[in-house]
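Hints in hand, dock the two standalone chains.
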Amino acid sequence: MQPTSSMKEEFLKKWQMGLQIYRPLIDNTSVSERRKAIKLSADVAMASLRKGTTCWSRALIQKTATEDNFLVRQMLSGIKAETLINKKLPKVMCHRKIVRRSKMILRRRQSRSAIEEVAAKARKLIKKKTQGLRNVVPGGEFMSNDVLLIQETLDYIVSLQTQVNVMRSIVDAAEAGSER
Amino acid sequence: MSSRRSSRSRQSGSSRISDDQISDLVTKLQHLIPELRRRRSDKVSASKVLQETCNYIRNLHREVDDLSDRLSELLASTDDDSAEAAIIRSLLNY
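Chain order of the listed sequences is W and R.
To convert, note that position 110 of the first sequence is 109 in numbering that gives the first Met the number 0; the numbers rise steadily by one, no gaps.
To convert, note that position 30 of the second sequence is 29 in numbering that gives the first Met the number 0; the numbers rise steadily by one, no gaps.
For reference, chain R alone in the conformation it holds in the complex (with noise of 0.2 Å):
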């Protein structure tokens, strides 16, 4: 501990330390997103696998938003007796 706080090696010691950090990390993510996951090989470079990840975080917002969507559509026939909204009702408890 105490030699990682020296003055002189501060910098490039705690820079070295969070470096490996930050690549063991990236590699969790490459094997999260299934875009990057199929490529086996671990020749992704760090900074598209950081640019992969904002994508598919944007993509799964946009899948939330239309599920949203699709389910308000759904739930504005809760009070008929269709086969569709006894369904919706018995999947959200209703």
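The following block holds chain W by itself, in its conformation from the complex (with noise of 0.2 Å):
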């Protein structure tokens, strides 16, 4: 799966929209709020391209709205936004600790043989492993099934790769302009 050019077009066109929100502002303010202007209207339009279809989708458009709930709303109406900020993210917290309860009373039940120690171990490392991915994609820590990190990973991984190619053409193009 690779970012398509369809995806590209749409963050632009979001993006763009985000930024012309923040135009009365980006004229007359410091360096450093006008980057915070940028990177976030980049990162609500990353997320509304998925319409709050994805845990890390929803987990990082209400990051944002804590940081600037105007400019979300203004971004996604239309597209549910009262319902995307809003929403209570999953308490699957709780529920980590009974399933760690109940695979641990399971695992003092059965008896394992060396293949199952060895199939336990690897297990054990991955489970090192998508703790470090839970810390790094939005709304990881309310993904307990490791199954459902990973597919939301993928996705995350080609929304980012969006957003960067078209950050990228975009500064690239003006950078080069400048340098005449």
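I should point out that these hints are in silico values taken from the structure, not numbers from a laboratory.
Since this is a predicted model, take the numbers as computed values, not measurements.
Hints may be right or wrong, so weigh each one.
[To be verified] Here are some chain R residues pointing at chain W (derived, C-beta under 7 Å):
(1) V43
(2) A45
(3) E62
(4) L66
(5) I86
(6) L90
[To be verified] Below 35 Å or equal to it, Euclidean Cα-Cα: the simulated DSBU-like pairs (lysine-lysine) are:
(7) W:K13 x R:K42
(8) W:K38 x W:K12
(9) W:K12 x R:K42
(10) W:K50 x W:K13
(11) W:K13 x W:K102
(12) R:K42 x W:K35
[To be verified] Label pairs and their calculated CB-CB ranges:
(13) R:H60 x W:S101: 30 to 40 Å
(14) W:K50 x R:A75: 27 to 37 Å
(15) R:R36 x W:K102: 33 to 43 Å
(16) W:Q19 x R:S17: 36 to 46 Å
(17) W:A175 x R:R61: 19 to 29 Å
(18) W:I104 x R:D23: 55 to 65 Å
(19) W:V30 x R:R61: 11 to 21 Å
(20) R:E34 x W:E174: 46 to 56 Å
(21) W:A172 x R:D64: 44 to 54 Å
(22) W:V30 x R:K42: 41 to 51 Å
(23) R:H30 x W:R22: 32 to 42 Å
No residue lacks a Cβ here, since even glycine has one placed at the ideal position from N, Cα and C.
Put into structure tokens, the structure is as follows:
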């Protein structure tokens, strides 16, 4: 899976819209405020590509809304902005304790062969690495299911590639223009 | 479905299924990450793929931050009549 040109186009349009919203501010603020505006609109643009269908995009929208509620509402108007911003993220954290406890109980009851031991060790190492993923994928802390986590990661990476691709093209084009 | 739910085989049955799913997904990750895509052989361990995935995502985050920095510098000049200001304006629909 690769960023498609329609994804890039859509991202650009949404990002431009976000920057338009910021326009009155952009001309009169500090570099760091401008930078924040650029980054926030890029993030909302990226998240809105998924129209609330993935966990990471919902988490990113909610996170951005805490930094600039107005921008997010404006950018998402028409795509159920209210529900996306206010929707409670799943309380999977609670379930994790229950799952952990029941796994411990089951483990005590089972006796394992050597092969099962190796498989279990491999699984443990993978668990450690997936924890790292949870730290970098938005909303990762709510994805206790590893399968879901990796599915979300795949989608998140393609979206990030889209974002970087488009931003890079714009910056390169503009900087090339100034080097004449 | 019902055999999966029988209490004794439940634990091993469900983890076998998700192991397959996970290794399938990890393969997909491997193809997505430039570092690993070059290594056409399938001998990359799952934990290595996951580690490289974390690194890759962090790099992408850094790149977005860097691009945002550069763009905010460029936007400083949207009010003057320079060529770059004109380019930025048209690229961003200003």
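Hint-by-hint comparison with the structure:
1. Interface hint at V43 of chain R: violated, since its Cβ lies 13 Å from the closest Cβ of chain W, which is beyond the 7 Å cut-off.
2. Interface restraint check for A45 of chain R: the shortest CB-CB distance to chain W comes to about 5 Å, inside 7 Å, so the restraint holds.
3. Given the 7 Å rule on beta carbons, the hint for E62 of chain R holds: about 5 Å separates it from the nearest Cβ of chain W.
4. Taking 7 Å as the C-beta cut-off, the interface hint given for L66 of chain R holds, the closest approach to chain W being about 4 Å.
5. Hint status for I86 of chain R relative to chain W: holds, with the closest Cβ pair at about 4 Å, below 7 Å.
6. This hint holds: L90 of chain R has a C-beta 5 Å from the nearest C-beta of chain W, less than the 7 Å allowed.
7. As the CA atoms of K13 of chain W and K42 of chain R are separated by approximately 40 Å, the hinted pair breaks the 35 Å bound.
8. For the hint pairing K38 of chain W with K12 of chain W, the CA-to-CA distance comes to about 15 Å; that is within 35 Å, so the pair holds.
9. Proposed proximity of K12 of chain W and K42 of chain R is contradicted: the alpha carbons are some 41 Å apart, above 35 Å.
10. Among the hinted pairs, K50 of chain W with K13 of chain W is consistent with the structure: their alpha-carbon atoms are about 12 Å apart, no more than 35 Å.
11. At roughly 45 Å between alpha-carbon atoms, K13 of chain W and K102 of chain W are farther apart than 35 Å, so this suggested pair is violated.
12. The straight-line distance between the Cα atoms of K42 of chain R and K35 of chain W is roughly 42 Å, outside the 35 Å bound, and the hint therefore fails.
13. Here the CB-CB span from H60 of chain R to S101 of chain W is close to 36 Å, well matched to the stated 30 to 40 Å.
14. Remark: the range hint 27 to 37 Å for K50 of chain W to A75 of chain R is upheld by a beta-carbon distance near 34 Å.
15. With their beta carbons about 35 Å apart, R36 of chain R and K102 of chain W fall inside the hinted range of 33 to 43 Å.
16. The hinted window of 36 to 46 Å between Q19 of chain W and S17 of chain R holds, with their beta carbons roughly 45 Å apart.
17. The hinted range of 19 to 29 Å is satisfied by A175 of chain W and R61 of chain R, whose Cβ atoms lie roughly 22 Å apart.
18. Between I104 of chain W and D23 of chain R the Cβ separation comes to about 29 Å, which falls outside the hinted range of 55 to 65 Å.
19. A hinted range of 11 to 21 Å for the beta carbons of V30 of chain W and R61 of chain R is consistent with their spacing of about 18 Å.
20. Between E34 of chain R and E174 of chain W the beta carbons are some 27 Å apart, a value that contradicts the proposed interval 46 to 56 Å.
21. Separated by about 19 Å at the C-beta atoms, A172 of chain W and D64 of chain R break the suggested range of 44 to 54 Å.
22. Distance hint for V30 of chain W and K42 of chain R: a CB-CB separation of about 47 Å, consistent with the stated range 41 to 51 Å.
23. Between H30 of chain R and R22 of chain W the Cβ separation comes to about 40 Å, which falls inside the hinted range of 32 to 42 Å.
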